[in-house]
Amino acid sequence: MKKITIYRIILTTLCFTSLFSCTKLNEEPVSILDPKQYFKTEADAEASVMGIYGLLANADFYGRRLTMVLQLLGDDIDIADIGTQSSRIQLNSFTHDASNQDLLAVWKTAYLGIGAANAAIDGIPAVTMNETKKSALIAEARLLRALYYYHLVQLFGDIPYIGEFVSDPSKVIAISKTPAAKVYDNIIADCEYAVANLPDTHANNNKARPSKGAAQTLLASVYMVLKKWDDAARMAETVINDANKYQYALVKDYNNLWDADLGFQTEHVWVVDFLGGITGENSSNQDYTAPMTGVRDADMLGWSVLVPSTGVYGSFSDQDYRKKISFLTETPIKGVMTPYQKWKWPRIHTAKWCLHPGTNAGADGSDSDIKHVIFRYAEVLLMAAEALNESKGGPTEKAYTYINAVRARARYTPQGVQNYPADLATGMSQTDFRKAVQEERRVELAFEWKRWYDIKRWGQVVDAFTRQGAYESQPKVKDFHALMPIPQDEIARNTNLLPQNPGY
Amino acid sequence: MIAPITKTVGKGLLLFSLMSMAAPQVFAQSQLKISGKVTSPAGEPLAGVTVQIKGAKNGTVTDVSGNYQILAKDIDVLIFSLVGREKTEIAVDKKEHINLVLQESSSLMDEVVVVGYGTQKKSNLTGAVAAVDGKTLNKRIATNPTQLLQGRMPGLRVTQGSGEAGNENVNLQVRGLGSYGASSAPLVIVDGIPGSLENLNPQAIENITVLKDAASAAIYGARAANGVILVTTKQGKSGKAQLSYDYNVGITKASALPDLVYNSVDYMTLYNQAAKNSGITNANSLFSQEMIDAYKNATDKTLYPDFNWLDAVFKTVPVQTHNLSLSGGANGTNYNVILGYVYQPDIMIGTSFKKYNLQLNLNSKINDRISFGSSITLNYGDRKYPRNGAEDQFLSTISQSPLYGPVLPDGSGRYTSRAYPFQSPNKNPVAVAENAFTRLNNYFMQGNIFVNVKLLEGLEWKTSGGLTYGFTKNYTNKPVINQYMWQAKPDALPARQLDVGGQGLEVTDDNNVYPVGYTQLTYDKSVGDHNLKVLAGTQAEYNKTQKLFGSRLQFPNKDLLELDGGGAGQQSNSGITNEWSLRSYYGRLNYDYKGKYLLEGNARYDASSRFPENRKWAFFPSVSAGWKISDEAFFGERLKETVNEVKLRASIGTLGNQNIGNYPYQTVYSSAFAYPFEETLQQGARQVAMANERIKWESTKVLDFGIDLGFWNNKLTASFDWYNKVTSDILSSSTAFPSYIGLTAPTVNYGTLRNRGIELGLQYREKIGEVSLTLNGNIQANRNKVIKYGAERISGNTIIREGLPYGSFYLLESVGIFRSKEEIASSPKQQVPAQPGYLKFADVDGDNKVDNNDRVVVPGAFPDFDYSFNATAVWKNFDFTAFFFGSQGQKIFVSEWGIVPFRQGGTFTREWMDAWTPENPNASLPIVGLDNSPAANNVRTASTFFLKDGSFLRLKNIQIGYSIPQNTLSKAGISGLRVYFAADNLVTFSKFPGLDPERGVSSSGGATSGRYVTHPQNKVFAFGANITF
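Those protein sequences? They're chains B and P, same order as listed. Offset between the first sequence (1-based) and the working numbering: plus 214. Offset between the second sequence (1-based) and the working numbering: plus 5.
Since the hints were derived computationally from the structure, they do not count as laboratory data. Nothing here was measured: the structure is a model prediction, and the numbers come from that model. One or more of the hints may lead you astray.
[Stated by the list, open to error] Computed Cβ-Cβ distance ranges for the label pairs, DEER-style:
(1) 942(P) x 577(B): 29 to 37 Å
(2) 289(P) x 627(B): 47 to 55 Å
(3) 570(P) x 627(B): 26 to 34 Å
(4) 694(B) x 942(P): 25 to 33 Å
(5) 466(B) x 281(P): 18 to 26 Å
(6) 567(P) x 577(B): 31 to 39 Å
(7) 307(P) x 577(B): 25 to 33 Å
(8) 606(B) x 942(P): 30 to 38 Å
(9) 800(P) x 255(B): 42 to 50 Å
(10) 528(B) x 741(P): 27 to 35 Å
(11) 288(P) x 577(B): 30 to 38 Å
Beta carbons: idealized from backbone N, C-alpha and C, even for Gly.
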């Protein structure tokens, strides 16, 4: 009797014990997606591509950091508020080193974007879906990868090229740098795939997703960097010839390009879309371009960080409508229109972003509605003009047509069409035409983070900052500054990335 | 029946109560009815005292008021006994009233300590365990009980980061920094299940134990690496219901505030000097003589004030604490209910905390075999604070100048931006406090029940289940507030908008569900001189947290504080769920021979959801042994008269840590990368971090040697421990993972930290005449060292290098002020081209220039030792306590506002009036400059100049109480009334400049380096009364 009682008690105990033991130890992650369940449906494939864009439309890329770095390096932008972060001041004055935090952030963000692109490129093929749509999605991912590398290779030169999703880090943890030429080959291959597989347009004239024309434009730009003038001319002219199909054209009024409330515009070839009023996580959808370039202690509540170099304003013809649109010389302070001489930082500012960041933007213009331009049609025209001049040993008729189209648009003002700038008259030498295109790019694309890449590919890095009458004088600039240093953090983790770029 | 009726006194209180009630009929003829009250030396009633007649089995216990009644014969002797008190015998001798003051036991033999999943006699402990009772803790008044642990238990380091109401930022560390990857916080267990200290009412705490070494903590294997804190809440005691009310009001002010210059003329004069030193010559950026004269000769001080911003932001406030408790018990069922309410306005404006707490404890002995109990905590915290937090408010305050007040002098109620256009102060802190705030409502519930069944003699089966549920609602309101120039006209436009980090309303819901259950068997057996105790059990727990966030931007009315009050046009939301779970088996074996040779083994076998399939389970064993030398025959009786107890202890074991992110080994995709297409955000998804399928438990090996000593019949007791704690396979984010891989670095097991140290606790008890005196002292010293880390890492002012304490200071050495151009010419080239008046930094590597290679490791990342001293004296109805707490050897690097002059144009401390100028070449401080000037950059160089001594000794608490004599109260139906005065942080000895040296530990784990402006601790003058009915 007694024995049985004990037995029962122990049994009951054991039952209780097993009851507790039923807690599952393999919880399924909720609201975090498991890749093993991932890449099954078309929606998954779409989301994986959207994930790549989140790093483009990001405060560490087109929302501030990348564009700021390119502006600071260029000779068209300087710093007004010298109290800004020292990493910025160093880039502007060419005293930066390999531990510069802005360069590191650009490097990291680009590679995060590349990692996301690689995941999509490797993952999407397994999804069962419409094959055309599938190829288009892969093409989109590959073009985005190409864009990230386009920036990395131009900024840093030889870099590690990661061309597939890394599932085993030990395979890449000790790799060496890939020569820049090889990186460009890969970029070209991605662009070509994108050209072959992307649609001509997207619904609602959406220019935030690249079309075939966007891929051709990026390809043309890469050929320009590589001085493959025939290819560059061919590619740029393909875009121009198919402009109707792609819905590309110059907008009538240059000023409209800088109004965020106008949304996608025909001149946009490919833009990075920001939507104001909503802040995404992890710095995605955050844009600070307007306050970075806006006026400190004025009604626009800007920060006066990035302003035109002192010589730039004077270098624009007063007759050029684009001068009026590109520069800001007065702004209301406490409701009273105040000239720049009386601002906290008495410097002429840029007007392209701070005036119309969109109705949803914050009070200081941050988290704007701006669609930041990767490429616009005016640049396509100027690329074609420049490439033709170089490849044909001098300006062709088409070359004049293209550059003059840009100049003609600049003559339009709401008050009527001006005479300035007049069409270029035919009969120019190759050198003169080259100078004219370079000047046209400088004026048309002023402050649009094109300048650094331009002076690099034209071999003018030292000259631009040290010549008599430089727009921005920086005595410390040397030839080696054409390449940025590989971030020190990265070299510390993989010494096979040595040697460091010379000079650092 | 299997088990006989319990005979042991103390275990069968119920039985005796029943017998005493039944007694009159039996013995009525020959017995006296004796009654009386038993009190402590402090005059407090003692409940639960067993009153027995010598030689008889029957007896009774005192009720909550200490009262008892018993029938006894004239010749009987009454025995009064209570755990922890001296057993006392009193002859009846015709007395009908026998009141007794029961002294504390000089022998600690019977003291029982709460240990993991049970209790143990203190004398039988072999591990390193420290304990403190609730009464000692509650000498200080605090909203958050965590604060009260400071200095009470050697080995537990309690750092209170701030005095901010509801946000004390208390850091607990057992035996040094144990990990830099996973959390290094100890595990907190409340009434047997994982819980929260801060959500308890301090008054509800019966006692707290800290398990420090592997032997005592291994039973909590999985999460014991950083020590375990066991909290037991107060249970009711049998006897008549007792209602008690406790009231306390504390006049609270900042423990220390810097001496800032708020004389407008002095401010403007030095500002102009700083501007001149900074090369500013533009007359529009300087105070003109006219401006200075306006303040100097002002007849209207409202227009031209010497405004003291510290006075506007820091206030003296009354903090009120109310506690109402009901406790008692009958028929085997005891209850204790405590309702607490604290209203704590903060010393900084716009901040307050209200805490409502209900503790319901019930335990019931259903029959001789089965007992049942439960404890439930309900807590509601209502915290309000300026949305940028206390530090931002403090620095904004210092960035203001005395030339203007927070609100315009014209009576319009408009907020001030500044007095002159070239000034650039930070946010107006008063405008922020009054408008832009976060309201944090925290609802917390923890409940647990247990059933204890006595299966056989010595064999018990206990099962307990608990549930913790927490819900937090956060409203952050960021309205649009205009700021105006000080002397703005009525129709003037705003000078700027208040920067509160965007605008709109953000609402966040967080909730956490955490069920835990365990079941265990214990077996107790003594055969001859061999005593054996075995425990085996299993536990499972599951935790789920969820978060939901929503915001809207445009609010037409700033008082509509719900999302629907805002325009739906610009809104955003997000949400996430996280889960983890643990399953464990645990066991303990205690064996002793004659209570002289002690052996204990603890083990736990744990599985965590955070590790991959084949690495989920881990085993954490420990063993400890003790030898009571004083019980040996060779010890000798004569020696024992002096040294009555000597116990040697040794233990070794392994503990684990799994406190890392939730899905480190699984490849997870995050969809939080939104990209806007066509005017809506599209969901984007990408893999965020590299997964590591090879991660395993972080493990900590602890070796501990201890000795417990008792002198003169335990008049003096001492407990000493030496330990060596090595944490290896530290779980942290890989530092060797290049970014070009395109994923965030994975969690890896890498790195080793060592903590080695000593702990000493002393207690001395003495009775001199009518004065009972108790003295306690604790001291602890820990040495932290990085054993394995990989390539050294310099971040900011600190360095992580093998062989050094984790995160040591790494700074340039400041070696005085350049007094002349000649001195500059003959000195190494400085980073900022030097001028007379600049700080001079040492060229350590001898290359004749000062650069980053000249930084040196400076000791002071952690204190050399912490110590505390407590004295209690009781004389008649008076009681007195003084508690000192100190820390020695820690250095603190402070920067920015308040310590660097003219940060954002703000004011400065008085000693900067003696800054270097050409006219004052022998000044004590260097040249002043405005932000970003070379002069300011020179001073702000990360150097030993701003490395301050954080050592301090403070009178943490002093209290004087008086218990009003019983006879004057009983007419009013009151059974006890005590009044007291107390003061917290009354006196502090420290070399730290201006502010409180007691501040938070670094979030990165290493040396304390950060902004000077930390919310100070509170100095409190309190009055309280406790009344019992």
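Hints and how they fare:
no.: 1; hint: 942(P) x 577(B): 29 to 37 Å; verdict: 31 Å, holds
no.: 2; hint: 289(P) x 627(B): 47 to 55 Å; verdict: 36 Å, violated
no.: 3; hint: 570(P) x 627(B): 26 to 34 Å; verdict: 45 Å, violated
no.: 4; hint: 694(B) x 942(P): 25 to 33 Å; verdict: 27 Å, holds
no.: 5; hint: 466(B) x 281(P): 18 to 26 Å; verdict: 54 Å, violated
no.: 6; hint: 567(P) x 577(B): 31 to 39 Å; verdict: 23 Å, violated
no.: 7; hint: 307(P) x 577(B): 25 to 33 Å; verdict: 31 Å, holds
no.: 8; hint: 606(B) x 942(P): 30 to 38 Å; verdict: 55 Å, violated
no.: 9; hint: 800(P) x 255(B): 42 to 50 Å; verdict: 43 Å, holds
no.: 10; hint: 528(B) x 741(P): 27 to 35 Å; verdict: 51 Å, violated
no.: 11; hint: 288(P) x 577(B): 30 to 38 Å; verdict: 32 Å, holds
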